[in-house]
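Enquirer: Going down the list, the sequences are from chains A and B. My numbering applies: residue 1 is where the first sequence begins, and numbers increase by one. My numbering applies: residue 725 is where the second sequence begins, and numbers increase by one.
Treat the hints loosely; a few may be bogus.
Claimed, not checked - Quick list of in silico lysine-lysine cross-link-like pairs, BS3-like style, CA-CA up to 27 Å: (1) Lys339/A x Lys329/A; (2) Lys829/B x Lys520/A; (3) Lys162/A x Lys122/A; (4) Lys542/A x Lys829/B; (5) Lys829/B x Lys543/A; (6) Lys111/A x Lys339/A; (7) Lys151/A x Lys65/A; (8) Lys122/A x Lys304/A; (9) Lys617/A x Lys703/A.
Stated by the list, open to error - From the structure, some residues in chain A lie toward chain B, with a derived Cβ separation under 10 Å: (10) Ser90; (11) Leu460; (12) Ser498; (13) Gly502; (14) Leu506.
Derived by calculation from the structure, the hints in this document are not laboratory data. These numbers come from a predicted model, not from an experiment. Beta carbons are placed, not taken as given, at the ideal position from N, Cα and C, and that holds for glycine.
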Amino acid sequence: MKSDEYVLNEHDLIVTKTNLNGVITFANNDLSRITGYSREEIIGQQHRIFRHPDMPEAVYIDLWKTILNQATWRGIIKNKTKDGGFYWVSADVTPFYENDTLVGHMSVRRKASIEDIQRAQKAYAQMKAGTFTGQLSYGEIQDEYVFTTAKRKLNNLSVATKLGMLLSLNILVIVLLEVVNFSNLNTLNDNHLKTLTQMQAYTSEVNEAHAKQILGDNPPATIKKLKEEVKLNDYFYQANTNSNQKVLNIQHETIFIVFTVLVLLIVLCNIIIRSIVVPLKEATRTLINISSGNYHVPVEHRSKSEVGRLIEALRATSVRLGFDIANEKKVADELIRLKVGLDNLSTGVAIADNDREIIYINPAAFNMFKQVEPDLKQFIPAFDMDKIIGKKIESFHRNPAFHQELLDNMDRPTRFEMRVGEQLIVVNALPVNNALKHRVGLVAEFENITEREHNKAKLLSTIEQNQALNHQVNQMQKVESLSRLTSGIAHDFNNILSAIIGYNQLNAFAADDCQDEALKEEIAYNTNQVSIASERAANLIKKMMAYSRQSASYHDMDVKLTADVIEEVLSLMRPALTSLFQLNADIDSELTIQIDSTSLHQIITNLVVNARDAMPKGGSVMVSLQKVTTAELLCDDCVHPFEGELIELRVSDTGTGIDQKVIDHIFDPFFTTKEVGEGTGLGLSTVSGMVHEARGHIKVESKTTEPNQGTVFRLLFPLNELKK
Amino acid sequence: MKKNVKLLVVDDNTQIRNLIRMSFKRQLNVEVFEAENGLDGFKQFQTINPDIVLSDVMMPGEVDGIRLCEQIKASDHACRVVLISGKGQQSDIDLGMQAGADYYKVKPFSPVELIDIVERLVG
């Protein structure tokens with residue numbers, strides 16, 4: 001657990017979107033970076049996963065109350081990170097509308113000022129301790145100071161009320177001004193008093209002068225009386241003056257008070273005007289910020305007045321715009337990345353809108369078609385690669401109407417090949433659907449596979465050649481190992497057979513001395529049987545040796561004519577075939593195969609017997625000897641190629657044919673399709689051995705699919721020109 | 725067979741040696757000697773001085789039929805040598821003939837054939 005604080009920098013901006021249930025549906029990168037949670041961990045969660053234990057419940061109650069009123073909540077929040085650290089933010093939670101319907105809230109969090117943090121820290125601690133005396137409203141911490149309370153109350157008043165107040169204050173001012181005017185009348189009065197005083201002073205002087213005059217003539221009593229009169233006069237004057245002074249004093253005080261009240265009223269008017277003007281300025285500032293692209297500048301003013309609400313609305317607009325624009329920018333960035341990616345692809349890509357108008361083609365596709373432009377122009381004279389953008393796809397086809405219908409009905413990826421001139425281009429076209437499964441366009445991928453196909457063909461032929469070579473090598477190895485086996489077995493067999501044949505003969509000699517004729521005859525019969533069996537065994541060994549080409553016995557050439565030998569064999573064979581079989585021959589008696597007659601005898605016998613066995617219900621066997629000219633063929637046994645003018649000894653039947661799998665093995669020694677005991681499996685391998693001994697090759701053709709086409713054994717020998 | 729003949733059989737296979745000995749049982753003027761390898765065969769050849777040697781080609785030991793044939797022919801050109809072998813390739817036959825053999829018999833053989841060969845060579 002770490003208790004480190006992450007201090008946001010000025011540019012950090014955490015943006016989240018929640019649905020009406022408070023589930024986070026969007027979170028930006030900054031949130032992941034700052035909290036340490038991956039976006040996958042955040043999406044689907046509630047905001048409370050970031051809640052720090054220092055935060056009082058009251059703050060969240062206020063938050064919910066505010067946003068349920070569809071108002072903006074703005075406050076200072078301490079959140080925690082995944083690894084136990086924390087960070088302070090100034091949070092704005094605004095309602096988020098879609099088509100006039102509230103769909104959720106958007107929270108924008110940015111760096112909080114140090115003063116705000118300190119103030120919130122103190123207030124939240126007090127809330128936790130229960131000593132908080134202020135108020136929390138719409139996220140704002142309000143202290144219980146008279147002035148701020150009054151200011152807030154004033155701010156919350158409607159503009160109409162404020163204007164009303166201004167009007168009444170103005171009336172008051174006018175009234176007071178009237179009062180001041182009245183005071184000015186008093187000043188006139190004052191002047192009058194002054195005149196009066198001067199008159200009194202003058203009267204007094206006159207009186208005194210008059211008295212002095214009188215004093216000279218008049219008895220003191222009169223003087224005294226006069227003096228008293230004067231005194232009385234003075235007194236009156238004095239009294240008059242005093243009262244006048246008093247009146248003046250009162251008048252001055254009144255004027256002072258009236259002025260003071262006037263000044264106060266003017267100040268009050270000013271405050272009210274400010275409370276109207278400042279928010280308006282704020283609104284203007286917000287609008288200017290929006291218009292200059294600063295969507296996340298905090299708004300200072302808040303109140304419940306009309307202007308306050310206007311600012312709230314502007315702020316919600318600003319946050320929403322900021323989010324949308326950031327989102328659009330992100331999408332635009334992604335599009336640019338995609339475009340750059342597509343531009344640099346080696347595969348050709350073209351995009352069309354739903355009206356089949358080409359809106360994009362990448363350089364690879366452009367170059368691909370530019371290369372075949374002359375070929376395309378032969379079919380579509382109007383084709384111009386440089387003006388491809390904006391053209392309808394179907395305009396490049398010979399039957400536009402048909403193609404348009406085809407494209408409009410394309411609802412799944414379609415792959416086809418296009419041959420343009422020498423080039424072979426593979427096209428993968430696919431419809432592009434939006435989230436509502438509506439088709440919004442078409443994308444096509446082009447790949448020029450000309451070279452690849454060419455290489456593939458080359459590779460395939462190389463592989464085929466290799467396979468043929470491998471087959472040949474395998475065949476040679478097979479022959480070699482079999483040769484070794486054969487010679488090993490043959491040696492031992494010959495020793496054993498020597499003993500059997502020898503001792504059997506000795507027995508026969510011994511029996512000659514026997515006096516009992518019956519016994520002598522029996523022994524003679526028995527030894528003869530052993531002799532026959534031994535001869536057969538010896539012959540088998542010879543065949544094996546012949547196959548492995550180890551025998552010298554076939555080197556002697558026969559002078560018998562090939563045609564004669566064939567005739568001889570066939571005449572011998574005929575009795576072995578029932579009436580179900582036909583045996584035909586087509587022999588060119590001019591031709592001679594350089595082979596000893598015994599071998600030829602054996603070869604034909606073997607092939608005819610096999611043909612008979614392949615046709616249990618009867619059929620016909622054809623033996624022919626012809627001169628042929630053939631293109632290159634591979635021998636079915638030794639896999640050597642051969643061609644040209646050759647002598648062909650052909651044995652064909654009308655049987656069921658041989659399966660290709662079987663053909664691959666028919667020349668293997670001991671391979672047999674006959675029941676155990678019916679065949680040695682050496683027949684065809686011996687045939688092949690003898691044919692190859694005479695420098696010939698074998699081709700087997702068999703059709704299992706067509707009835708009665710049967711099997712054809714073609715034995716091809718070199719043309720013997722010398723003998724001819 | 726008109727004159728007396730000394731015949732040496734060299735073969736590691738006892739059965740074959742016995743067969744050859746018994747083949748000549750009725751030829752009263754043929755005396756059969758046996759050796760079971762090339763080395764022993766040459767020693768016996770030197771002491772017995774036979775008219776004809778019938779030798780197997782493939783035998784264990786340093787001296788096989790071919791070597792034995794060469795040695796015999798080098799010391800006594802008059803002595804006839806018949807090589808008997810399971811190896812019947814032309815190259816084998818050529819090898820035997822080059823060593824100086826008078827006859828190369830490819831197995832299997834029969835007593836009648838052997839008697840016939842011996843009669844033709846020394847009869």
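Enquirer: A separate judgement is required for each hint: does it hold in the structure or not?
Expert: Evaluation of the provided hints:
1. Restraint check for Lys339/A and Lys329/A: the C-alpha separation of about 15 Å stays at or below 27 Å, so the hint holds.
2. For a cut-off of 27 Å, the pair hint linking Lys829/B to Lys520/A is broken: about 31 Å separates their Cα positions.
3. Among the hinted pairs, Lys162/A with Lys122/A is inconsistent with the structure: their alpha-carbon atoms are about 34 Å apart, more than 27 Å.
4. Using a Cα cut-off of 27 Å, the hinted pair Lys542/A and Lys829/B holds, with the two alpha carbons roughly 15 Å apart.
5. Only pairs whose Cα atoms come within 27 Å are accepted, and Lys829/B paired with Lys543/A is accepted, the gap being roughly 18 Å.
6. Note on Lys111/A and Lys339/A: the hinted pairing is violated, with a Cα-Cα distance of about 36 Å set against a maximum of 27 Å.
7. Simply put, Lys151/A and Lys65/A have alpha-carbon atoms about 23 Å apart, close enough for the 27 Å limit, and the pair holds.
8. Using a Cα cut-off of 27 Å, the hinted pair Lys122/A and Lys304/A holds, with the two alpha carbons roughly 26 Å apart.
9. For the hint pairing Lys617/A with Lys703/A, the CA-to-CA distance comes to about 18 Å; that is within 27 Å, so the pair holds.
10. With its C-beta approaching chain B no nearer than about 105 Å, Ser90/A sits outside the 10 Å limit, and its interface hint is violated.
11. Interface hint at Leu460/A: violated, since its Cβ lies 42 Å from the closest Cβ of chain B, which is beyond the 10 Å cut-off.
12. Interface hint status for Ser498/A: upheld, as the beta-carbon distance to the closest one in chain B is roughly 4 Å, under 10 Å.
13. Interface restraint check for Gly502/A: the shortest CB-CB distance to chain B comes to about 4 Å, inside 10 Å, so the restraint holds.
14. The closest approach between the C-beta of Leu506/A and any C-beta of chain B is roughly 5 Å, which is under the 10 Å cut-off, so the hint is satisfied.
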